[in-house]
Every structure is written in C-alpha cells, then in structure tokens.
Amino acid sequence: MPTLDRDGEVFVLDLGTDENRFHPDWLAAVNAALDEVEAADGPRALVTSATGKFWSNGLDLDWLGANPDRLTEYVVDVQALFARVLTLPVPNVAAIQGHCFAAGAMLALAHDFRVMRADRGFFCLPEVDIQIPFTFGMSALIQARLDKQTVHEAMTTARRYGGTDALAARIVDAVADEGKVLATAVELARPLAGKPAATLGTIKSRMYSDVTTALRDPSGASLG
Amino acid sequence: MPTLDRDGEVFVLDLGTDENRFHPDWLAAVNAALDEVEAADGPRALVTSATGKFWSNGLDLDWLGANPDRLTEYVVDVQALFARVLTLPVPNVAAIQGHCFAAGAMLALAHDFRVMRADRGFFCLPEVDIQIPFTFGMSALIQARLDKQTVHEAMTTARRYGGTDALAARIVDAVADEGKVLATAVELARPLAGKPAATLGTIKSRMYSDVTTALRDPSGASLG
Amino acid sequence: MPTLDRDGEVFVLDLGTDENRFHPDWLAAVNAALDEVEAADGPRALVTSATGKFWSNGLDLDWLGANPDRLTEYVVDVQALFARVLTLPVPNVAAIQGHCFAAGAMLALAHDFRVMRADRGFFCLPEVDIQIPFTFGMSALIQARLDKQTVHEAMTTARRYGGTDALAARIVDAVADEGKVLATAVELARPLAGKPAATLGTIKSRMYSDVTTALRDPSGASLG
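Chains as they are written, first to last, in this note's numbering: chain A, 1 to 224; chain B, 1 to 224; chain C, 1 to 224.
Isolated chain A (complex conformation) (with noise of 0.2 Å):
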C-alpha cells in the first residue's frame, strides 16, 4: 500500500512493493496522502515512487473482473486522480523506478516531470493489444502531455520504451542509472518547493481545462 515520508521539503511517496495497481483502497491511499501534502504548510513538492521492479501497472483488472457492476464509478474515481494530479498546486515528479504500464502510465504522465531508470522497465500503453480502448479523458490527458508523434505512436501501437527511448521521445525528462532515480527526481523537485501554491494551481488548472473537463465526465468514463 501508498506510504508518505518526507524528505525536508519534498514529500515522497512510496506507491507500494508489488505491481501496485489502482485497488479502491489503494486509491483512498493515495488520494490521503496528496490531502497531506496539499495540507502542508511551507514550501513543499512531491516526488511519487515506487519500491521493487513496478511503478504501477494500473487498473486493478482482477477487482474489475470481481466487481462488474462499479466499473464506471471506480473509472470516475481513477480519472478524478489523474485530473487532480494534472493540477496540484504542488511541484511534483514521478521517480519511475520500474515498469509503468497503462493507467500507471496515465498518472505519471500527469506529473509535472518524470525521471525513468535508463537500464530496465518500460513505460507503455498497451491498451490497443489488451483491446481496452482509452476513454476520452485518458485519450486527452496523454494527448496533453506528449508530442503528436509519440501519442500517436505510443497509442496506436503498444509501443514498450525504456528508459533511453522514452527519454528520446521525450515521455520522460531523465534518465538515472539504478539506485539513482529517487535521488535524481527529489533534486529535480526541491528547487521548485516554494513555489505560490494559488498561483500555481490556477496556472496547471487554466492549461489543462480542457482535459480536467474530459476526466471528470461521468459519460466519457467508458473503457468499451
């Protein structure tokens, strides 16, 4: 599960040990603990990481398949996270310290920055080979996030980067060899922790209106 430590300014937030994927519990985990750090008084930033060979892998498929019935409230509560990362009004990386899949994939990207180990994972939207078409708030939140190219490519056809290649298509921003990716993405983001909270909120909230509005509609949070 999502443990929160803090390391002087920046927040880091550990997303869990095993693929750590979006359980409802795993969900109320995270989002208490960006209420924590949204609460913080001071300058702060975050820096989200992961502990073992996954950054996340996504949807909970298996709770998915156990829970039919709540497939388009619990797609609500995903795309409320992505939105709500997309315009935190607190400087934040994601240190992906393994692989980050699908959904995974979709929350780093609405992280401001991103550092990738360079020598093993992959960042990759697999939804075309596992026939899981992206809802339009996912299609709009990575559309918002990457070049035309590398959308088109990463959405189309599974594409699985390393670090290297992501750091080329500039889906990430660095690269850091193993051991180094926490350490690089908390430097990354300490300089940026004092930044006006308001301000920057309104800024990330006026950018991404447009796909804040596609995340949050209810009709658009269909996987089929």
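Note that these hints are calculated values from the structure, not bench results. Note that CB positions come from ideal geometry on N, CA and C, so glycine has one too. One thing to keep in mind: the hints can contain errors.
To be verified - Pulled a few chain B residues facing chain C out of the computed Cβ check, cut under 7 Å:
| no. | residue |
| --- | --- |
| 1 | Phe134 |
| 2 | Lys148 |
| 3 | Met155 |
Since the structure of chain A is provided, determine the placement of chains B and C on it from the hints.
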C-alpha cells in the same frame, strides 16, 4: 489509377503513375481499395505508395476548373477520405517515393507513419503561394499530426522539405534510399498487422474526434 | 517609444530603449506601426526588435498600480495585440536582442519566428513567481506556439532560458551573436515578404481561431 496488391499481411496501395491528383474516379478507386483492406480477414496492414516522380499532388485543379459547381461536394469527399484514413482500423504507412504536395501531403499526414525518399522529392504545403487557404478541417488535420512550429512553418511559408529536412522536422518517421522506400515502409507496417481492429479504430476515432468533426463539417468545406 | 523603419521589403519595428513595457501609449504606438505595415503596398515583412538590454518586460505594472479601475480594459487591449500579431497578414520575426519576459515573451511568441541573442538575455514566463496567473487567452497563446513539455516547464517553473537553452527547447528558431540578431532576423524575414497577404491572413486566422477567440473574450481577461 490506384491499384491494390498484397505482400503477406501487408496490402500495398499504389496511388498511380502520374501526379496522382484526386480526380473523383481516383477517389472512388482509393475508397474501394480501402473497403477491400478493411473487409479482409486476419492480420493486415496497409502501405500507400506510388510509381514514378510523384506520390500525389493533391486536388485535381483541372477537373475543379471544369466543374466549379461541384466544388463543395468535391471538398467534402476529399475531407471524408482524410477522416477515413486518419481513423482507419488498420495500421498504415505512407511510402513517399516522390513529390508529396498540398492535399497529397495531407493524405500522407493522415497515415499512421511516413517513410520518405532521402535524396529526391519534396513534402510541401504550397497553399499560401497558390492562394488557396486551408479549410478549417485541413488545418485541424495538419495541426493534429505535426509539432507546433513545424505546422506554422509548413503552413505559412510553403517550405519544400526534402527527405532529410522532413525527418529533422518530424514530418516523416524515417527516410530511405531510392528503391528502398517501399520495402522500408512494408517492414515498418508488417509487425503492426495483428493489432485488434475494433480497438485500434476506437482509439484513433477518440484521439482525433475534433479533427474528424471539422473534416466532416460541410460548412467548413470552403477553399476561399 | 516604439519607432518604425524600413530596410527594403522589411519593416523594422523597434520596441524602444528601456524595459519597453506595455504602457497604453506604447500599445497605441505599436498598433499604429502595425497599421502602417499592413497598409503598405507591395511585398513586405516585419521584424520586431528593440534597443538595449531589454526586448520587452511586458505589462506596465506601475501604470496598472496607478489605474486599477482600468485593469480589464487594459488586459483586453494587450490580448487584442497578441491576437493581431498572431494572425498578422504579414510575415514577421521577433529579433530578441535582450530580456524577453512575461507578456513581452508572449508578444514574441505571437510572431511567426524568433531569433535570440545567444550569449546574454533571458526568455522567461515569471508569472508563477510573481503570483499573476496567466489568463485563459494567454495560456492558449503559449500552448499554441510551444511544444507540450516546454509549455509545462516554462509556465509552471518560471525557468529563465538563455538563447542556447531557448533554441534547444524550440522556443526560438535561431540564435545569433551580439550585434547580429537583427540582421539574422531581417534575412529570415526578407524571402517571405512576397507571401500573398490575404491568403496568409486567412491561414493564420483559421489555424489559431481558438486562440484568438480566447484572447478576445473579455470575460477571460482576468489576471487573478
């Protein structure tokens, strides 16, 4: 006139041996070829090439001059082809072995990927020079597929990009030597042939819904 | 105050010799210069430069402090200038010989192309630090002219880009040594002087119709 061949999973559409302008009969033949590709069973991808000095020079201005009363209907049909290719549920690559101008360039941009001959031939949007402004739908298509400053330069200066320049501007995804353009495109398309068609079509349709809406709006089908 | 000169087909607008902030009289002088350029017969292009350490620092905050009741009217006028330059039916290049900050940077982004001094001066959007959020129209302008992650970094971190960094981030199209910025911009503009004005204006107006709608919406002219 356009002809359709097959190389294993990869259909090869040859746009013709002259300037391959969009005469109504040419449009009908291209649409019939796309019908055949879409209706085929099993894994399949599409490569669109041509024979000789031209890939396509776009609108058939001679025919339009002789049929001025059919202008809007004609532009509607052309834009419908752009929208169809842009959201085709079949992976596709344009193999640009020769000049690719104006609406011909737009048709190339509607493809998933582009391979261009490195040493001869130009990609060019000459509309500003020939004083035929892009429709809103054409603008939306070009803006959806190229980086922002590339769009601005291409649409406002009518710059002629050779293969190497087009690669640097990220208009095309690869270049190849003379005689290897088609083979390079086929090898790029082949591994994509198994992508699930329905999901692929839904993904593209959602990604580009604003573009296809603009392309399919007859009130925007004015070249003036 | 702004002055207009002419070098053959190329008009050179000098924004002034101090910080070149947007005082209402300065706005009127710039608009009068643009009127003169637009009304000129024959081929013409525009280069916008300045004299001294600054290209422009943007909004005249001293004047605004003394005229708080005119805030909305003032922002409407500034945004009207951005919309005018963005869709100007005359090819134009910003010759950024000095600091280019805030609304000054936005005015530079409204130009077709940008040349920046390589070794001194910064391009910067400091709004997050000075706690003046971008209006929706300003957001739309910046987002229409820069790559996605460049937009995000520039708008959320207030990074100061030197010339070389601005070129790498594709904020500017070229850099030049001290004393060669203006000449480089003039030589970039000159071959474009013959572009048909009406078509060029229509092309730009359609490309950026969403941006100019946002810039011209008085209800969005709030800096708070």
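Hint check results:
1. Taking 7 Å as the C-beta cut-off, the interface hint given for Phe134(B) holds, the closest approach to chain C being about 6 Å.
2. At a threshold of 7 Å, the smallest CB-CB gap from Lys148(B) to chain C is about 6 Å, leaving the interface hint in force.
3. Nearest Cβ of chain C to the Cβ of Met155(B): about 6 Å, under the 7 Å cut. The hint holds.
No hint from the list above goes unmet by this structure.
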